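Given next are the chains, with one letter for each unit.
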Amino acid sequence: MSNPDSVPDLTPPDSERQKPFDTNEIDDEDGNDGDENDVEDDDEDEDGNDGVFRGPNRPKPQSREARFRSGKLKMESLLQRMKTGPVSVRVHDVIIKGNTKTKDHIIEAETELLNNVGSMQELLKASQIVNLRLQALEIFDSVKITLDSGPPELPGTANVIIEVVETANPLSGQIAAFTKAEARYSTVEGSLKYKNLFGYGDLWDGSLAYGYDHSTELSAGLYLPRFKGLVTPVTARAYLLSQDWLKFSSYKEQSMGLSLGLFSSEHHDVAYNIAWRTLTDPSQMASRFVRRQLGHNLLSSLKYTFKVDRRNSPMRPTRGYAFVSTTQLGGLVPDNRSLRFLRQEFDLRYAVPLGFYRAALNFGVSGGVVFPWGNGFSSKPSSLPERFFLGGNISPVCALGGPTTLWGFKTRGLGPTEPRRHVNDGTADPSGVDFLGGDLAFTALADLSFDLPFRWFREKGIHAHVFACAGNVAKLTENEYRNFSVQKFVESLRSSVGVGLVVPTSFFRMELNYCYIVKKFDHDRAKTGVRLTFFAAP
Amino acid sequence: MAQVGERESEEFTLVTTKPYFDLPTACPLCLPLFIYLKLAHFPFSLSFNSIFPDSDQIPYVESGTYVAYNNENGGVIENLKRDGIVDLDSEFLSVPDWVAMKAMISSWLADAMMYELWVGSDGKSACKIYYSDLSWPIGKVLFLKQVYNIKQRLGITKDNAEQMEDEIYKRAEIAYGALSTRLGDQNFLFDDRPSSLDATFLGHVLVTLHALPETSVLRSKLLEHGNVVRYAEKHRTELIESSSSSSGPQFRSVPSSSTPKRGSKPKSQPKREKTEGEKTFKRRARYFLAAQLLAVLLFLSLMGGNDAGDMELDDEDEGNAFD
Chain G
1 MSNPDSVPDL
11 TPPDSERQKP
21 FDTNEIDDED
31 GNDGDENDVE
41 DDDEDEDGND
51 GVFRGPNRPK
61 PQSREARFRS
71 GKLKMESLLQ
81 RMKTGPVSVR
91 VHDVIIKGNT
101 KTKDHIIEAE
111 TELLNNVGSM
121 QELLKASQIV
131 NLRLQALEIF
141 DSVKITLDSG
151 PPELPGTANV
161 IIEVVETANP
171 LSGQIAAFTK
181 AEARYSTVEG
191 SLKYKNLFGY
201 GDLWDGSLAY
211 GYDHSTELSA
221 GLYLPRFKGL
231 VTPVTARAYL
241 LSQDWLKFSS
251 YKEQSMGLSL
261 GLFSSEHHDV
271 AYNIAWRTLT
281 DPSQMASRFV
291 RRQLGHNLLS
301 SLKYTFKVDR
311 RNSPMRPTRG
321 YAFVSTTQLG
331 GLVPDNRSLR
341 FLRQEFDLRY
351 AVPLGFYRAA
361 LNFGVSGGVV
371 FPWGNGFSSK
381 PSSLPERFFL
391 GGNISPVCAL
401 GGPTTLWGFK
411 TRGLGPTEPR
421 RHVNDGTADP
431 SGVDFLGGDL
441 AFTALADLSF
451 DLPFRWFREK
461 GIHAHVFACA
471 GNVAKLTENE
481 YRNFSVQKFV
491 ESLRSSVGVG
501 LVVPTSFFRM
511 ELNYCYIVKK
521 FDHDRAKTGV
531 RLTFFAAP
Chain P
1 MAQVGERESE
11 EFTLVTTKPY
21 FDLPTACPLC
31 LPLFIYLKLA
41 HFPFSLSFNS
51 IFPDSDQIPY
61 VESGTYVAYN
71 NENGGVIENL
81 KRDGIVDLDS
91 EFLSVPDWVA
101 MKAMISSWLA
111 DAMMYELWVG
121 SDGKSACKIY
131 YSDLSWPIGK
141 VLFLKQVYNI
151 KQRLGITKDN
161 AEQMEDEIYK
171 RAEIAYGALS
181 TRLGDQNFLF
191 DDRPSSLDAT
201 FLGHVLVTLH
211 ALPETSVLRS
221 KLLEHGNVVR
231 YAEKHRTELI
241 ESSSSSSGPQ
251 FRSVPSSSTP
261 KRGSKPKSQP
271 KREKTEGEKT
281 FKRRARYFLA
291 AQLLAVLLFL
301 SLMGGNDAGD
311 MELDDEDEGN
321 AFD
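So the sequence lines, in the order shown, correspond to chains G and P. For the first sequence, the UniProt record's numbering assigns the number 1 to the initial residue and increments by one for each residue that follows. For the second sequence, the UniProt record's numbering assigns the number 1 to the initial residue and increments by one for each residue that follows.
Keep in mind the hints are simulated off the structure, nothing from the lab. It is possible that part of the hints are untrue.
[Claimed, not checked] Computed footprint of chain P on chain G, listed as stretches where at least three residues anywhere in the stretch have a Cβ under 8 Å from a Cβ of chain P:
| hint | stretch |
| --- | --- |
| 1 | 151 to 160 |
| 2 | 282 to 291 |
| 3 | 328 to 340 |
| 4 | 365 to 371 |
[Unchecked claim] Some chain G residues judged to face chain P by a derived CB distance under 10 Å, without partners named:
| hint | residue |
| --- | --- |
| 5 | K97 |
| 6 | S172 |
| 7 | Q174 |
| 8 | L294 |
| 9 | P416 |
| 10 | P419 |
| 11 | R420 |
| 12 | H422 |
| 13 | V423 |
| 14 | M510 |
[What the hints assert, rightly or not] A few chain G positions that, by computed beta-carbon distances, are all more than 10 Å from chain P:
| hint | residue |
| --- | --- |
| 15 | S215 |
| 16 | G221 |
| 17 | L240 |
| 18 | G295 |
From a predicted model like this one, the values you see are computed outputs, not experimental measurements. No residue lacks a Cβ here, since even glycine has one placed at the ideal position from N, Cα and C.
My request is simple: use the sequences and hints to build the entire structure.
Quick look at the structure:
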């Protein structure tokens with residue numbers, strides 16, 4: 001639909017009058033529906049708005065071919081002028097057509113940069129940007145921008161005519177798969193979207209998502225591109241989330257909440273979340289620490305994410321760097337009974353190309369810490385769901401967003417544990433433990449990826465990699481920080497190495513790896529052997 | 001008198017709702033267990049859960065990896081008897097009045113307490129006992145949910161509300177009369193020795209006297225039986241106030257476990273074996289299906305021509321163009 005050509009399309013003109021910016025006119029009457037940027041020269045512009053070029057006393061129009069030739073000459077001369085230097089023009093008026101439901105100010109807000117152009121070149125570029133922005137609102141089936149000359153009494157001006165066609169069918173649906181780094185698992189989501197219900201560019205959606213680790217989320221969201229003069233779009237999402245961690249930590253988590261995206265730009269994101277969260281243990285087998293955590297909590301938190309991703313590809317980074325820092329402050333209500341914590345995590349990646357076989361070295365370092373705040377914070381435990389858990393089946397190379405996983409270690413497969421309840425009926429499993437996660441987590445990885453020397457593999461993008469990683473989690477709360485030492489932490493780092501095949505498909509990136517566990521501790525759930533990991537870009 | 005089972009040297013901990021109204025715990029389900037352990041001179045420490053009021057696991061007793069939940073096997077007291085930890089009732093089971101008294105306390109008095117705490121009075125006492133450590137919106141919703149549940153359980157509807165209330169109070173009155181007669185001037189209900197019924201009855205009486213408001217109908221009915229009031233206050237002084245000065249219960253507000261209403265035992269032996277085999281089968285079936293789906297997706301992606309890498313590069317370039 002969008003075709004941002006830098007050179008405007010030519011169609012036969014039907015006027016030869018010279019204008020200050022000396023453009024050739026493009027006749028739209030022949031119906032060039034596919035063109036996005038048409039340059040028109042309206043010589044007789046008593047009305048000046050609709051691309052009709054005939055005046056009241058015009059002689060008989062020339063033949064079509066002659067018009068075409070003359071228009072082509074004019075366009076070439078305009079382009080020549082534009083090549084040598086800026087052709088000065090400014091925008092007099094922006095005219096919006098075709099919006100029956102959408103409010104004018106929504107479209108006008110996206111066209112503000114047209115007001116600042118000073119030359120033809122800038123105007124063309126700005127028109128492309130405005131076109132893309134309007135397309136990005138997702139509420140129009142097509143967007144056509146026409147440049148017309150301004151009123152004759154104001155030379156050197158242009159009018160910009162924006163014609164939009166609103167979506168005929170506002171309801172759409174999709175099924176997608178992606179990996180949520182925070183949640184450490186892959187998700188399949190089905191969603192329905194309703195566009196532009198109230199004419200404010202509002203996008204409503206309802207979705208049902210099912211995660212690999214038995215989590216289910218039902219949510220409804222709203223996206224508002226312009227809300228009361230705020231610079232960035234506002235999103236609101238109400239959700240019902242259920243996560244099942246019974247197998248790993250003997251608890252189930254149910255949340256009902258509302259999250260508001262307050263500010264979002266390329267590098268910064270601020271979101272507020274308020275939720276009622278309940279932890280339960282239907283199995284009645286939880287360990288002592290988990291039993292103490294079960295119950296209801298009010299979560300009210302503000303989350304700030306700073307992200308810079310200059311890698312050339314999130315699926316196979318071979319060059320560039322990325323940095324993500326996430327800060328979350330919980331307990332933002334005057335009520336001191338809500339959950340109060342401060343969580344900080346960061347992730348740094350660097351990819352170095354090696355120049356042969358498309359090889360690249362990827363380094364990554366990530367860490368995180370969580371701590372409660374308020375009276376007596378050092379002796380209070382941190383909340384289980386906020387802690388850091390390492391392990392899972394997502395690819396550490398791709399997943400950006402704090403310390404999440406190590407190759408070879410299963411979901412929540414390492415860190416502090418506590419024995420589960422022992423039931424005296426003779427068949428009790430004495431080795432049952434709950435993984436409690438940690439307040440401090442650290443991971444580091446190194447990955448060398450390279451193409452295989454077979455053409456078929458190269459064509460499909462299948463390549464190999466050799467990797468090594470290390471990580472650890474430790475408890476700091478409940479006065480454990482007094483016993484913490486960096487040396488002990490480093491000595492108890494778990495690590496693994498391995499080699500594998502990476503298969504990138506259009507849906508996800510799959511790795512088939514052979515992992516060798518170099519160091520693990522007694523209760524860690526890790527095994528040397530073949531493992532599959534996945535990553536799907538959100 | 002009391003049989004203390006052979007356990008490791010790990011201390012026993014009783015987890016209840018938090019203290020209120022000058023009682024170590026003001027919840028009518030938790031206080032009887034506290035009193036029972038005290039009557040048995042069983043050493044334990046106290047811990048609190050103030051964020052899971054709607055749990056039916058609380059109160060529970062734990063020691064190391066051993067836990068006796070309230071929603072298993074008829075309650076914590078029965079669990080402790082069964083596991084040979086504490087048993088005050090071994091000599092009373094053959095007493096003729098025992099079963100009748102037990103039925104009266106565990107049905108009529110229990111219902112009356114539930115009714116009065118949640119429906120009969122203004123609910124303020126219940127909110128203080130159960131929701132004082134929860135944020136207001138959560139507490140409010142849980143309170144309304146609990147009131148609805150109690151009404152369902154007692155069969156109270158708009159039409160029969162008054163009638164049901166009369167019936168509940170009448171039964172409570174009969175129960176008080178019978179228990180007062182049974183008690184007389186003794187220290188305990190049976191043979192002047194403590195039993196689990198004493199613990200349960202004392203728990204009910206103390207909550208009624210101290211936690212319910214003075215306008216409470218149930219409370220006023222109880223006050224008519226002076227010997228019961230004296231019996232309760234005497235034991236309160238001996239058991240509760242003396243214990244708080246000596247061992248000092250830990251007033252930690254720690255969350256405890258709970259489950260929404262579940263059945264009794266989590267698993268029984270034959271069931272677990274069967275479930276294990278089924279689970280393995282289901283897991284293998286899931287892996288098989290997942291492998292099939294993966295193979296199909298891979299085939300479609302790879303054989304259909306994979307331009308994912310190139311497409312990403314294009315996106316990157318486009319994105320950068322407008323920086």
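Q: Check whether three or more residues of the stretch 282 to 291 of chain G sit with their beta carbon closer than 8 Å to a beta carbon of chain P.
A: With 9 residues close enough to chain P, the hint holds.
Q) Okay, the stretch 365 to 371 of chain G and chain P, do three or more residues pass the C-beta test at under 8 Å? A) Since three or more residues must qualify, the claim that chain P covers the stretch 365 to 371 of chain G is violated, with 0 doing so at under 8 Å.
Q | Claimed coverage, the stretch 328 to 340 of chain G by chain P - three or more beta carbons nearer than 8 Å | A | Coverage by chain P holds for the stretch 328 to 340 of chain G (4 residues, Cβ < 8 Å).
Q: Classify the label on S215/G as holds or violated, using whether its beta-carbon is more than 10 Å from each beta-carbon of chain P.
A: holds (16 Å)
Q) Non-interface claim for G295/G: all C-beta distances to chain P beyond 10 Å? A) violated (3 Å)
Q: Have a go at the K97/G hint: is there a Cβ in chain P nearer than 10 Å to its own Cβ?
A: violated (25 Å)
**Q.** Given hint M510/G near chain P, where the shortest CB pair must fall under 10 Å
**A.** holds (7 Å)
**Q.** Cut-off 10 Å, beta-carbon criterion: hint that Q174/G touches chain P
**A.** violated (17 Å)
Q. Hint check: is the beta carbon of S172/G less than 10 Å from a beta carbon of chain P?
A. violated (21 Å)
Q | Hint check, P416/G versus chain P [nearest Cβ-Cβ separation less than 10 Å] | A | violated (16 Å)
Q: Closer than 10 Å between Cβ atoms is the bar; does H422/G clear it against chain P? Give me holds or violated.
A: holds (4 Å)
(Q) Is the interface hint satisfied for P419/G? The criterion is a beta-carbon contact with chain P at less than 10 Å. (A) holds (5 Å)
Hint check: violations occur at hints 1, 4, 5, 6, 7, 9 and 18; the rest are consistent with the structure.
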